[in-house]
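**Q** Okay, here's what each chain looks like letter by letter:
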Amino acid sequence: MDTWVIVVASLAYLGLLFAIAWYGDRRADQKRSIISNGWVYALSLGVYATSWTYYGSVGRAATSGIGFLPIYLGPTIMVAAWWLLLRKIIRICRRNRITSLADFISSRYGKSSLLGGLVTVVSVVGVIPYIALQLKAVSNTFSILRGRSELAVVTTDPPVLADTALYVALLLAAFTILFGTRHLDATERHEGMVAAVAFESVVKLVAFLVVGAYVTYGLFNGFGDLFGRASADPDLRQLVTFGETQSYASWLWLVVLSMLAILLLPRQWQVAVVENVDERHIRTAGWLFPLYLLLINIFVLPITIAGLLTFPADGVSPDAYVLALPIAQGQAALALLVFIGGLSAATGMVIVETIALSTMVSNSLVLPVLLRRGGALAGRGDLGGMILGIRRVTIVVVLLLGYGYFRVAGEALTLVSIGLISFAAVAQFAPALIGGLYWRGATRRGAVWGLVGGFVVWAYTLPLPSLAATGLVSQSFIEDGPFGSGLLAPYALFGLDGLDEVSHSMLWSMLVNVGLFVGLSLTDRREPAEHVQAALFVDVFTRPDDSAESRLWRGKAPVGELERLLSRFLGPDGAEEELRAYAERTGTDLSPQGHVSADLVQHVENVLAGAVGSASARFMVASVVEEEPLTVGEVVQILDETSQVLAESRALARKSQELETATTELREANTRLLELDRLKDDFVSTVSHELRTPLTSIRAFSEILVDNPDLDGAERAEYLRIIVEETARLSRLINQVLDLSKLESGGADWQIEPVVLPDVVDTSSHASAQLFRDRKVTMEVSVPELAPVVMADRDRLVQVLLNLLSNAVKFCPPEAGRVWVVVSEHEEEVQVDVRDNGLGISVEDQAVIFEKFRQGGDTRTNRPAGTGLGLPISRAIVERLGGRLWVESAPGAGATFSFTLPLAAARPSSSTGRRAL
Amino acid sequence: MGDRTSERERSVRLPSVAALAFLLFNYPLLAVFDVRVLAGGVPLLWAYLFGVWAAVIALVAWLSRS
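Chains A and X, in that order, are what the protein sequence lines are. Going by this note's numbering, the first sequence opens with residue 1, and the numbers climb by one from there. Going by this note's numbering, the second sequence opens with residue 1, and the numbers climb by one from there.
For reference, chain X alone in the conformation it holds in the complex:
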């Protein structure tokens, strides 16, 4: 039964992560990081996109654990 509950929770939490990722990956947040600055040798926008991407993946992995 424990698995049942977490399935229901997953059905809410994972789509919420998707919605969050959609916001983070689009305008206007994108414009905030669209600056010609190198952060640690890489462009800020590039670092932001890959950083958020990795964070979203980690979050989904954490929510998907059995």
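So here's chain A without its partners, still in its complex pose:
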């Protein structure tokens, strides 16, 4: 294929990518994000699938069959657990404005710039082979597509200036600079880049599925055909089973390694953590991203088998089968599509990886040195341009280093074995990162030495011996180690052989790393800043926003100083905007001469952390704020307080619960008192009213008698009768009021004795017989044969029954009225019912008739005779005797007043014997 076609197609593709990125950035500026979507998030995670996946998996499968797969199973496992782990990391990063993995680890261990720098160095060194892998894939497939290498591997290195890989590296550097370092953003988010990467994920998946389907169903007759031929072929048979070429141990290590890599590779951190818009997108990614990996792997083994069947041994590198198969069939268009897919896999990786690395290098490596008090930049004005410059240089340098590694070692290694070197490097962050997330006791020294130790072992056991193939390291060094003893042989440290090189390196480096990390952490005393950060990280879900953090700054600074500091990084407009937004949000006054609060200092530090990393931000703020250092004691006290927050808040919650209960009780008591007060007032006014009515008529008739001495005898007698009646009513009323008040105050005299209840009923019915006769109402009495005995005051009991009987008569219709008195004995009490067939009592009235002076019915129009005190008095008596008095009724269906009294036998007194009598 003509070179210019490939170049134009590639540039057109990159142009399209850039257009997508540009559109994504523009939409982000308009606050109408196109990436705020779980699907875009999951697709952007697809940056995990690089040239390694696209070309290298087939290459790997050609020797180890199914052994290419654990690299994709690990992420599937890990992503399912992300809801727990990644959500915590994202929460911490948001709260502390952390924008890179180096910043995260540095910040966790007391904002240590040493640790941040170390993580950066390990990342850069570790990831360089991985970038070399992409350059190698692009330049190899480019030359295969041009027809220069006749489907075989490039065997002789061209001169540097004629090397495609160099131009690929430079082109990608230029492209990344355009993408990722156009302006300085305090959150380090690149929406346009994410949109482009998500698009690239679609392109490479579609291209791979198309070529996979073409090979499987076009060249062969589907999965069954290919797998059938493979199992029939003695050379290919081992591909369809686990085979002898690998062990379960190395499989396990690859699963673990890829579980760690999916989070710890700088580009994965960038898309998963930094570019995350919404924590809920993790939920979509949890299944969509593994599904993506499954789809992109489904044709790997069929393509491998097809390649091995098509090409003679050692003719074509298996790493190139994906492209070589369509070329061999003369499918130029398909071959170009495959190349573009591979280009998208490589560019996506390189762009995101170098952007992530450039943030780390500028914020965690260069700036901490330059910005230190007295450093080269300590006094410089505008630093925004400077930071962007550092990042651009970093991008170019990283890509050139990648190219250098490719020139030195790239040709001798397969794509996957290069990639695994990088995986093993970033896995060294795992103890410090995951330990730091859940273990408060992890210390800075433990993290530093664990990382250094693990990194040294990694370098000695993986990349160093990988140089042997190039001749830079002698073969005898690989076999016998530096002193020829064999003990330090890099692939068999201390004589441990039988493992593949990656498992071997992981075993030793993790042993050293975890050992130092845990060992030193256990023996260290933590510094104050470490205490603070550990608590902030580990307890991010339980700690309220920023509470402890802002208390840890006790300093003085004029607002103007802070604004000047901010404007060095954000520009004067940005700084003013930031402070104005803060003032608006918190409602504080920020005049330039005023002094700032600890909270504002913390806020400024967080904003700066987004731009220059947390360690540098602390330097910068410390340079303008006269900080009064906190003593260890104070810090420990604060942290002890905060760690007790839960316990205390529980205690507080209990106390406030108690308080609330007490308050409720008080309020109820108060309401009751007010009610009683009102009742008393009502009572007094009602009593006065009730007294005045008879008094008025007595006085009126008396006056008539006085004024008219010549009234005739009959008239005089009638008036006198009224006066006597009213006087009687008056004295009855007064007696009842006195009676009631005595009952309520408990001052009444009670003659408690055993009373035979039927006797009482008998007495009462006789006493009221005249009343019944007058109104022609009949009464029926029914008592049990064995007469129940109760402890009571006999006269009071008669009073109650009389009251109920007279009420019943009053409300019965004359002539047809009937009243039943029923005494019944229950287990421990005796019940007396007085039932009538009268008007009945409405439900509303049932509630009020037991209140003083309240009578049923409309009292204004149809006033029943009586004082309105009978029922309250009766109820007071019954309750005093240990019983209850109530009414059951429906309007028109009569009413039943019932009361109970405890049986004398139930009382723990000598009355037991009397009952037997």
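Think of the hints as simulated: they come from the structure by calculation, not from any bench. Each hint should be verified, as a subset may be incorrect.
What the hints assert, rightly or not - Derived list of chain X stretches under chain A, where covered just means 3 residues or more per stretch with a C-beta under 8 Å from a C-beta of chain A:
# : segment
1 : 12-18
2 : 29-37
3 : 43-54
Said to hold, decoys possible - Partial pick of chain X residues on the chain A-facing surface, computed with a CB cut under 8 Å:
# : residue
4 : Phe22
5 : Asn26
6 : Val60
Note that beta-carbon positions come from the ideal geometry of N, C-alpha and C, so glycine has one too.
Model the placement of chain X on the given structure of chain A, informed by the hints.
**A** Below, chain X without anything else, positioned relative to chain A:
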């Protein structure tokens, strides 16, 4: 508040699925299916790995639904 509860449940269930997947994807279960047999035209081990993979994805999708 309903969403709150399911978040807590998710924080237990999803990592449990991860642990289950880790067991299913490794020795010794892997060795059980490492037999030179074609199941429906494809190698048993290959079918097992992709089958479990798809099942894990489906399970996570089901637990992640809102």
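**Q** Compare the structure with each hint and give your call.
**A** Hint check results:
no.	hint	in the structure
1	12-18	holds (count 4)
2	29-37	holds (count 5)
3	43-54	holds (count 7)
4	Phe22	holds (5 Å)
5	Asn26	holds (6 Å)
6	Val60	holds (4 Å)
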